[in-house]
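Trainee: Chains as they are written, first to last, in our numbering: chain V, 1 to 320; chain A, 1 to 438; chain W, 1 to 301.
Hints were generated in silico from the structure; no laboratory data involved.
Certain hints may be false.
In the EDC-like style, the derived pairs of lysine to aspartate or glutamate whose C-alpha atoms are separated by at most 16 Å in a straight line are [to be verified]: (1) A:Lys-418 / A:Glu-250; (2) A:Lys-98 / V:Glu-75; (3) A:Lys-324 / V:Glu-75; (4) A:Lys-274 / A:Glu-297; (5) A:Lys-274 / V:Asp-160.
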Amino acid sequence: MSTTTTKSGLARARQGLAPGGPGGGAPNRKSKLSAQTRRTFFWLLLPSIVLLILINGYPLIYAGVQATHDGSLIETGNFVGVDNFASVVASEAFWKAARFTLLFTIVGVFGSWAVGLGLALLLRTKIPAGGLFKVLLLLPWVVPIVVSSTAWNWLVGTPDSLIPAMFRNLGLGTPLFLADPTLAAITVMVFKVWVSFPFMMMMTSAALASVDGTVYEAASMDGASRWQQFSQITLPLTARSTYISWILMTIFCVNDFPTIYLLTGGGPVDATTSLVVLAYRTVFQDFQTGPGVAIAFLMTITLVVVSVLLYRQIRKSSVE
Amino acid sequence: MTSPLSTTAGFSRRGFLGLAAAAATVPLLAACGGGSSTANSGGTVKFWDMPWAAPAYNDAAKKIVDAYVPTGSNLKASYQTIQWNNFYQTFSSAIASKTGPAVSTGGGFQAFQFEQQGQIAYADKVVEALKSNGMYDDFLPGVLEPFKTDKGYVAIPWQLDMRVMWYRSSLFEKAGVAVPTDWPSLLEAGKALKNIGAVGFAIGAGAGNFLGNHASIMMMVNNGGGVFNKDGELDVMNDRNVEAVEFLLELVSNGIIDPAAVSYTSDNLNAQWKDSKAGYGMFTAGLPGRIGDTTGELLVADPLTGPHGDKASIMFPNNIMMYKNTPSQESSEAFLVDYLGKLKDLWQQKLVTSLPVFKSITELPEFASDPNNVKIVKEWQPISKNFAAQGSTLNAGLAVLDGGQAINQFTQTILTGKTDAKSALQAFKTGLESTIKK
Amino acid sequence: MSAAVHTQPQSRSALGASGTTKGTGKSKRVLSDAGMRGRWWRFTLILAITAVVLVPIMVTVVLAFSPSPTSTATGFTFENFGNVFSQTLASTWLSNSLITTLSTVVVSVAVAAPAGYVLSRGRSKAVSGYSLLLFVMQSLPIITSVVPLFILFAGLGLVDNLMGLTIIYVGSTMTVATWMMAAYFDSIPISLEEASWIDGCSVFGSFTKVVLRNSLPGILSTAIFAFLLAWNDYLVAIVFLRSSEIFTLPMGVQSFFQQNQTDWTSVMALAVVMMLPPIIVFATLNKYFSVGGIGGSLAGR
Numbered sequence: 001m002s003t004t005t006t007k008s009g010l011a012r013a014r015q016g017l018a019p020g021g022p023g024g025g026a027p028n029r030k031s032k033l034s035a036q037t038r039r040t041f042f043w044l045l046l047p048s049i050v051l052l053i054l055i056n057g058y059p060l061i062y063a064g065v066q067a068t069h070d071g072s073l074i075e076t077g078n079f080v081g082v083d084n085f086a087s088v089v090a091s092e093a094f095w096k097a098a099r100f101t102l103l104f105t106i107v108g109v110f111g112s113w114a115v116g117l118g119l120a121l122l123l124r125t126k127i128p129a130g131g132l133f134k135v136l137l138l139l140p141w142v143v144p145i146v147v148s149s150t151a152w153n154w155l156v157g158t159p160d161s162l163i164p165a166m167f168r169n170l171g172l173g174t175p176l177f178l179a180d181p182t183l184a185a186i187t188v189m190v191f192k193v194w195v196s197f198p199f200m201m202m203m204t205s206a207a208l209a210s211v212d213g214t215v216y217e218a219a220s221m222d223g224a225s226r227w228q229q230f231s232q233i234t235l236p237l238t239a240r241s242t243y244i245s246w247i248l249m250t251i252f253c254v255n256d257f258p259t260i261y262l263l264t265g266g267g268p269v270d271a272t273t274s275l276v277v278l279a280y281r282t283v284f285q286d287f288q289t290g291p292g293v294a295i296a297f298l299m300t301i302t303l304v305v306v307s308v309l310l311y312r313q314i315r316k317s318s319v320e
Numbered sequence: 001m002t003s004p005l006s007t008t009a010g011f012s013r014r015g016f017l018g019l020a021a022a023a024a025t026v027p028l029l030a031a032c033g034g035g036s037s038t039a040n041s042g043g044t045v046k047f048w049d050m051p052w053a054a055p056a057y058n059d060a061a062k063k064i065v066d067a068y069v070p071t072g073s074n075l076k077a078s079y080q081t082i083q084w085n086n087f088y089q090t091f092s093s094a095i096a097s098k099t100g101p102a103v104s105t106g107g108g109f110q111a112f113q114f115e116q117q118g119q120i121a122y123a124d125k126v127v128e129a130l131k132s133n134g135m136y137d138d139f140l141p142g143v144l145e146p147f148k149t150d151k152g153y154v155a156i157p158w159q160l161d162m163r164v165m166w167y168r169s170s171l172f173e174k175a176g177v178a179v180p181t182d183w184p185s186l187l188e189a190g191k192a193l194k195n196i197g198a199v200g201f202a203i204g205a206g207a208g209n210f211l212g213n214h215a216s217i218m219m220m221v222n223n224g225g226g227v228f229n230k231d232g233e234l235d236v237m238n239d240r241n242v243e244a245v246e247f248l249l250e251l252v253s254n255g256i257i258d259p260a261a262v263s264y265t266s267d268n269l270n271a272q273w274k275d276s277k278a279g280y281g282m283f284t285a286g287l288p289g290r291i292g293d294t295t296g297e298l299l300v301a302d303p304l305t306g307p308h309g310d311k312a313s314i315m316f317p318n319n320i321m322m323y324k325n326t327p328s329q330e331s332s333e334a335f336l337v338d339y340l341g342k343l344k345d346l347w348q349q350k351l352v353t354s355l356p357v358f359k360s361i362t363e364l365p366e367f368a369s370d371p372n373n374v375k376i377v378k379e380w381q382p383i384s385k386n387f388a389a390q391g392s393t394l395n396a397g398l399a400v401l402d403g404g405q406a407i408n409q410f411t412q413t414i415l416t417g418k419t420d421a422k423s424a425l426q427a428f429k430t431g432l433e434s435t436i437k438k
Numbered sequence: 001m002s003a004a005v006h007t008q009p010q011s012r013s014a015l016g017a018s019g020t021t022k023g024t025g026k027s028k029r030v031l032s033d034a035g036m037r038g039r040w041w042r043f044t045l046i047l048a049i050t051a052v053v054l055v056p057i058m059v060t061v062v063l064a065f066s067p068s069p070t071s072t073a074t075g076f077t078f079e080n081f082g083n084v085f086s087q088t089l090a091s092t093w094l095s096n097s098l099i100t101t102l103s104t105v106v107v108s109v110a111v112a113a114p115a116g117y118v119l120s121r122g123r124s125k126a127v128s129g130y131s132l133l134l135f136v137m138q139s140l141p142i143i144t145s146v147v148p149l150f151i152l153f154a155g156l157g158l159v160d161n162l163m164g165l166t167i168i169y170v171g172s173t174m175t176v177a178t179w180m181m182a183a184y185f186d187s188i189p190i191s192l193e194e195a196s197w198i199d200g201c202s203v204f205g206s207f208t209k210v211v212l213r214n215s216l217p218g219i220l221s222t223a224i225f226a227f228l229l230a231w232n233d234y235l236v237a238i239v240f241l242r243s244s245e246i247f248t249l250p251m252g253v254q255s256f257f258q259q260n261q262t263d264w265t266s267v268m269a270l271a272v273v274m275m276l277p278p279i280i281v282f283a284t285l286n287k288y289f290s291v292g293g294i295g296g297s298l299a300g301r
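Hey, can you work out the whole structure from these sequences and the hints?
Mentor: Written as structure tokens, this is what we have:
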């Protein structure tokens with residue numbers, strides 16, 4: 001940080017220039033907000049606090065009750081402690097779904113990031129009708145998932161669908177994209193990348209836009225190759241935004257229900273059952289409310305832990 | 001760096017106004033979206049119905065309900081269509097919040113599930129009323145009994161969702177083979193159909209498609225097996241079931257069941273029938289209408305005879321149930337009796353493709369003019385068992401059997417062919433045991 | 001290199017949109033040396049990629065303009081759209097969707113902007129704790145929270161109407177929206193507020209008069225995010241809405257699904273109708289949409 005002479009709002013704020021704080025910008029001094037400012041802050045936060053309690057807090061507590069009882073969606077039932085969690089953790093299906101969720105998330109996050117980054121880099125250059133392509137490439141994210149999953153089913157679902165027929169005409173056999181367990185898992189992940197890359201593209205575009213072009217000028221004068229420019233300038237300069245996009249996409253992937261459920265329903269034979277799909281099927285098809293909600297709970301806890309770790313990572317990368 | 005404490009008062013008033021402005025959009029919305037379910041919950045019998053057929057069906061059913069004139073002090077009724085997608089969630093959350101219906105159709109075993117949770121009003125008085133107005137004797141044989149429990153009638157059936165075998169005559173002519181009547185001839189016909197590129201046993205078990213599950217149970221029942229014994233206890237590993245699963249695996253290994261069937265949605269399966277790819281297979285009643293086929297080549301086959309001489313299929317008696325949460329139980333009952341009496345309108349307008357529960361409706365010219373319908377009523381309905389076979393009464397556990405993960409996994413395992421009969425059944429049994437509450 | 005990393009925020013700190021576009025201008029100048037040949041090569045490449053990516057969407061569009069199985073029309077036809085709008089409540093659903101979505105957008109920004117401001121300027125432990133809490137509490141998947149929410153909202157008389165739906169959408173967009181706003185506020189130099197305080201403005205006054213006035217791009221990107229979430233949701237709507245006259249478009253699409261049977265041409269026609277508003281919004285506001293800014297907000301904690 002030593003090279004900066006003018007500081008961003010953030011940095012200044014951190015050094016005690018927050019409203020009502022002591023002036024002078026003495027570094028590392030904790031800011032003390034005036035009571036008045038604190039009150040204003042409270043009022044500014046209030047609507048969001050109320051919503052948080054109502055929309056997010058209440059269901060979380062309710063789910064906590066469901067997960068520790070043996071009731072149904074209608075009745076609470078008897079308190080069973082951690083029995084539901086124990087039975088869930090002991091079941092093979094849970095771990096199978098956990099493994100799939102992990103793989104699905106890794107492919108979903110990095111696949112959509114790689115595609116999004118590639119397209120963002122390409123669209124950043126001068127291309128005729130570039131703006132049009134930018135909008136067109138956002139479409140997979142915009143189309144309702146009920147519709148795009150159906151369109152995908154038509155393209156790959158049966159041996160006579162367009163894509164298997166193409167493979168057959170090329171003499172590559174007739175792949176059953178949704179019926180073969182391995183191919184079905186791959187298809188669902190490709191579908192997820194297809195749905196998600198526009199978001200990543202937009203995130204990366206925004207981050208790239210904030211990189212000062214003079215850095216590249218200097219680098220190319222120093223004889224840096226394209227790849228060196230990319231790996232040593234572009235990636236580090238957009239690192240913060242990249243971490244954030246990874247966190248958000250991790251949440252989107254882990255919590256994703258319709259993408260998988262509408263395309264494969266979790267099958268064949270659980271090959272594409274993620275934790276959310278398993279939780280859904282346990283609650284709404286097996287009518288095992290407690291264990292199903294317990295699955296969702298375990299998933300949420302893991303998600304939070306992973307995200308907080310990543311979040312620390314961002315903090316480190318920007319404070320170092 | 002002075003903090004502007006002195007002027008805050010004025011601005012916080014503005015802040016308040018800002019919040020008020022944000023809040024003001026809220027009642028505006030309320031004015032725009034006044035829902036009917038909250039508006040009329042007090043004085044009417046709420047009837048919820050599912051999209052059982054094309055939208056014209058729901059329009060016609062709504063007309064019946066709107067035209068209902070209650071007698072005496074009974075309340076009027078209101079009609080509401082509930083979407084299939086996530087319907088159990090919709091019903092559960094509505095019942096839990098006391099905003100649910102007084103009377104409804106729904107999933108095949110929904111009445112038993114909600115009965116288990118103490119939400120269902122028994123229909124004994126409705127049955128009494130049907131006895132006194134003569135409609136009781138009009139029921140097709142064996143359709144009402146499954147709903148009778150120790151405590152009373154849980155629901156009243158209104159249509160039978162049959163599972164029957166269909167075939168496309170032109171494909172059989174092309175393949176030069178007879179329509180199957182038993183398992184060996186099914187195997188033989190399947191091989192012949194496969195040679196001309198057709199499917200000899202068309203089913204699907206993809207996202208949201210339960211026909212594959214039904215087919216695997218149907219074959220067990222067809223062989224005199226089933227998931228429950230006569231006392232209603234789980235009995236998965238019996239020899240008849242093993243034999244049926246072995247037969248299904250044989251169909252898979254011979255390519256008679258489409259290798260991609262495991263992932264076929266309803267839509268994929270319908271397309272297979274419509275595009276003349278499917279030669280023979282299980283479907284509901286009214287196949288030509290459902291897929292829009294007008295060739296007249298799609299016909300109902302004879303029931304199959306199992307290797308031990310058994311002849312049986314399965315059906316789902318869809319039913320109307322009443323809930324304890326009603327403005328007036330007498331009104332619910334009066335409405336239900338009246339509605340059952342007007343069901344024939346729906347078949348008269350040819351809006352429902354499934355079978356009626358009343359003999360008089362099956363004799364209507366609009367229904368009986370279709371030879372496929374007649375054949376189903378004559379040959380399939382009498383041998384059809386419900387999902388509880390070999391047991392006779394229905395129960396809440398059947399809902400798990402119908403749409404749960406255990407059967408789905410079981411069917412998909414068979415359809416991928418990578419298993420043997422005993423281990424598939426063993427996994428099925430373990431799965432059912434862990435989910436079906438005693 | 002590390003110096004460049006950390007001075008970077010200032011380069012986009014200028015007021016308004018110029019901050020986000022400045023960098024692009026400069027880099028374009030550098031890259032333009034590659035010349036025309038590269039331009040057309042890249043054009044072909046992106047054209048090919050776009051064509052492949054859009055195949056599933058073209059399927060949708062083609063079907064929407066094809067005659068339905070029961071129709072007598074041939075070739076390209078607008079019939080499905082005519083049918084959807086004349087035989088169903090599609091126009092009502094469209095206006096319901098617009099009302100719900102626009103209200104969600106307005107209320108989301110109204111809630112997220114002040115909260116984001118506090119997250120950006122407040123440096124206390126409580127504030128960073130709140131930021132994390134926002135995140136933790138919204139991690140529960142919607143499929144498990146929708147039943148409790150329904151029960152709660154039924155008690156408040158907010159089911160089967162658009163207001164209840166809007167409140168839930170606002171709640172589900174809140175975390176990301178708040179972070180997005182905070183990120184944008186981080187890029188606004190605090191010196192501007194300091195100046196207004198000297199002029200006698202309150203904290204709230206400087207927030208509305210100085211900060212918000214200069215945050216249009218941040219507000220717009222938050223708005224688009226909320227727009228998409230509310231526009232496409234069906235998991236909440238399907239449980240909360242019953243009466244067809246208050247359906248939103250995704251629910252309208254659901255109403256074409258019968259047991260074992262679906263009216264696909266109507267589904268696709270309605271899907272095309274559903275695609276248009278987001279496309280219009282994106283096409284007009286695309287350059288403002290910079291979720292990337294969230295990085296700053298989180299990183300500061």
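Trainee: A:Lys-324 and V:Glu-75: Cα distance at most 16 Å?
Mentor: Between A:Lys-324 and V:Glu-75 the Cα gap is close to 15 Å, so the pair holds against 16 Å.
Trainee: Hey, A:Lys-274 versus V:Asp-160, does the alpha-carbon distance stay inside 16 Å?
Mentor: holds, 14 Å
Trainee: For the pair supplied as a hint, A:Lys-274 and A:Glu-297, confirm whether the alpha-carbon distance does not exceed 16 Å.
Mentor: holds, 11 Å
Trainee: Verify the proposed pairing of A:Lys-98 with V:Glu-75, using a straight-line Cα cut of 16 Å.
Mentor: holds, 12 Å
Trainee: Please verify whether A:Lys-418 and A:Glu-250 have alpha carbons no more than 16 Å apart.
Mentor: holds, 12 Å
Of the numbered hints listed earlier, not one is contradicted by the structure.
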